[in-house]
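J.: From first to last, the protein sequence lines stand for chains A and B.
Reading the first sequence from the start, the letters are residues 1 to 281 in full-length UniProt numbering.
Reading the second sequence from the start, the letters are residues 1 to 290 in full-length UniProt numbering.
One or more of the hints may lead you astray.
[What the hints assert, rightly or not] Cβ-Cβ distance ranges computed for the label pairs, FRET-style:
#1 Met-185/A to Leu-93/B: 51 to 57 Å
#2 Ala-127/A to Gly-105/B: 32 to 38 Å
#3 Arg-73/A to Leu-278/B: 40 to 46 Å
#4 Glu-130/A to Leu-278/B: 31 to 37 Å
#5 Arg-284/B to Ser-31/A: 51 to 57 Å
#6 Thr-85/A to Leu-134/B: 55 to 61 Å
[What the hints assert, rightly or not] Looking from chain B toward chain A, a few residues come up when the C-beta cut is under 10 Å (computed):
#7 Arg-187
#8 Tyr-189
#9 Gly-190
#10 Arg-199
#11 Val-206
#12 Arg-282
#13 Phe-283
#14 Arg-284
Note that these hints are calculated values from the structure, not bench results.
Think of the CB as a built atom: it goes at the ideal place given N, C-alpha and C, for glycine as much as any other residue.
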Amino acid sequence: MTTQTAPQREEHPRGAVAVEVTGATRVFQGSAGTVTALDGVDLTVGAGEFVSLIGPSGCGKSTLLRLIADLDRPSAGTIEVFGRTAEQARLAHDYGIAFQQAGLLPWRTVRANIELPLAMHGTGRAARRERADYLVELVGLAEFADHYPDQLSGGMQQRVAIARAVAEEPSLLLMDEPFGALDEMTRERLQGELVRICAETRAAVVFVTHSIPEAVFLSDRVVVMSARPGRIREVVDIDLTRAARSDEGLREDAAYFAAVTRVREALHHGSPAPAQGVELR
Amino acid sequence: MTRRLAGAALGLATLVLLAVVWELYKWLGPADGWSIGEARVLPRTSDLAMPHTWEILSRLADPLTAAPGAPSLARAVLAAGAFSFGIALLSWLLGVTVGILLALGMQRLRVVESAVLPLVILSQTIPLIALAPLVRGWGSRLYLGPVEWEPWMSVAVIASYLAFFPVAVGALRGLQSPDTIHVELMRSYGAGWWATLLRLRLPASVPHLLPALRLAAANAVVGTVVAEVATGIPGGLGRMILEFANFASSDPAKPWAPLLGAVLLGLVVAGLVALIGLPLSRFRRVEVSA
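All chains, full assembly: derive it from the sequences and hints.
T.: Now the structure itself:
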């Protein structure tokens, strides 16, 4: 319903547009009839842009992410990632992905888990090792590099999953509620780390979340969706000046609260009852 | 290490306890056993039916027969055990190979699973005793060029028929065990079936596969001994059990020797399979969700 172009930003080596979704519709055939999870969604994500998808349960935000990742196919509409089809982009390893569960392979150490995508794509042993060394440092797990996932806390596992997602320096990161299962403290710390990593890698991010403050803190734009059928209701631009500010400072800024309010109003606009499944904390 | 020693000691103590129970029953039990109507539910305790444990053991050191130069009974049992061990090992390898190939086929194509799995389960309802003469008959009519089909090969095939089953079922469960999240992760890496198999499905199948391999080993031993009995081929423990049964009244301790040999064979094979599990311990870690 809204097609917005990304705000103008500096030249990106992969071109101006990371993801171009046009008229994406996804209909599921269930035993209880058909369910329209997504209905004619248009969305453009600029290169290096951080876009959050937020909305009540069943609004199709995860479905949209899965379509971009080519883990699912649209019933109608097209999806382009860096000018290619979603399938070509997947096969070309154009994106890194993280889910709500860390999904680490239990028989691999932290280091070996981070190296997994590199190993699958034929990166040499020495280069893999060097990259993994850098990444465990980046997510603050250097001393746990040789531990197995079952020896780590949930937050640490999720950090490994994020390191694994960025291991190949993808130009696009797809994240499906990666912090959803974590406690508030860990969550805020990892949000800070994610902002830092994104600034460093200049990756575009599509981030699915239930949490308004999380979406506002992380994003350049917040896409507010509505359910049954899943549609984009509104796109809220977030203009927080990040430079030289601490995360805490930003979270206590008036502009931050103003943005939270705008997203909240967009979510509740047109629906008298509070939207279900959205955390207002 | 101390835990392993304690385990071994416990195993030994159980063995001693078994001997004590044997002797106690022999001492206290009624000489004619105990019957309900026609059916005897407890065995007779005569020296013919239940020789003393020490007699069974000391008989092992005595010569096999009265003929001069005959080897000791223990030697003969060990030789027969070695013969059966070779066949059991071969049938285990055969069964494991067939089982894993079947599981891979079933994992790869749902159609194959629907078509083959019922047959796999059905196959185990056919009694081995009925199958053995058939296989032996087919084998003798096989023409393999310079290689002649030996009767022991029939035994290996029959035993592998028992051994493949737990592997096919266990490996299939193992290959299908990865979570959706892991399968989708592999898909996001653009990994095909082979890469997913090597990086994800095979490692994930190890916790299901190891018990299946152990079951297959037990089945291979039982299958070998039973098939030796059913086909009557000489050299192994099965034939020895048949032959020594004739001595039940004249030399009552002797028939127990090949049974001890079969127990030893089972222990050796189980031990070998346990060795396979040692280098694979990291694949038995379980995932703890966040």
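J.: All the hints need checking, so say for each whether the structure fits it.
T.: Results for each hint:
no.	hint	in the structure
1	Met-185/A to Leu-93/B: 51 to 57 Å	55 Å, holds
2	Ala-127/A to Gly-105/B: 32 to 38 Å	37 Å, holds
3	Arg-73/A to Leu-278/B: 40 to 46 Å	45 Å, holds
4	Glu-130/A to Leu-278/B: 31 to 37 Å	32 Å, holds
5	Arg-284/B to Ser-31/A: 51 to 57 Å	38 Å, violated
6	Thr-85/A to Leu-134/B: 55 to 61 Å	57 Å, holds
7	Arg-187	6 Å, holds
8	Tyr-189	5 Å, holds
9	Gly-190	4 Å, holds
10	Arg-199	7 Å, holds
11	Val-206	8 Å, holds
12	Arg-282	5 Å, holds
13	Phe-283	5 Å, holds
14	Arg-284	8 Å, holds
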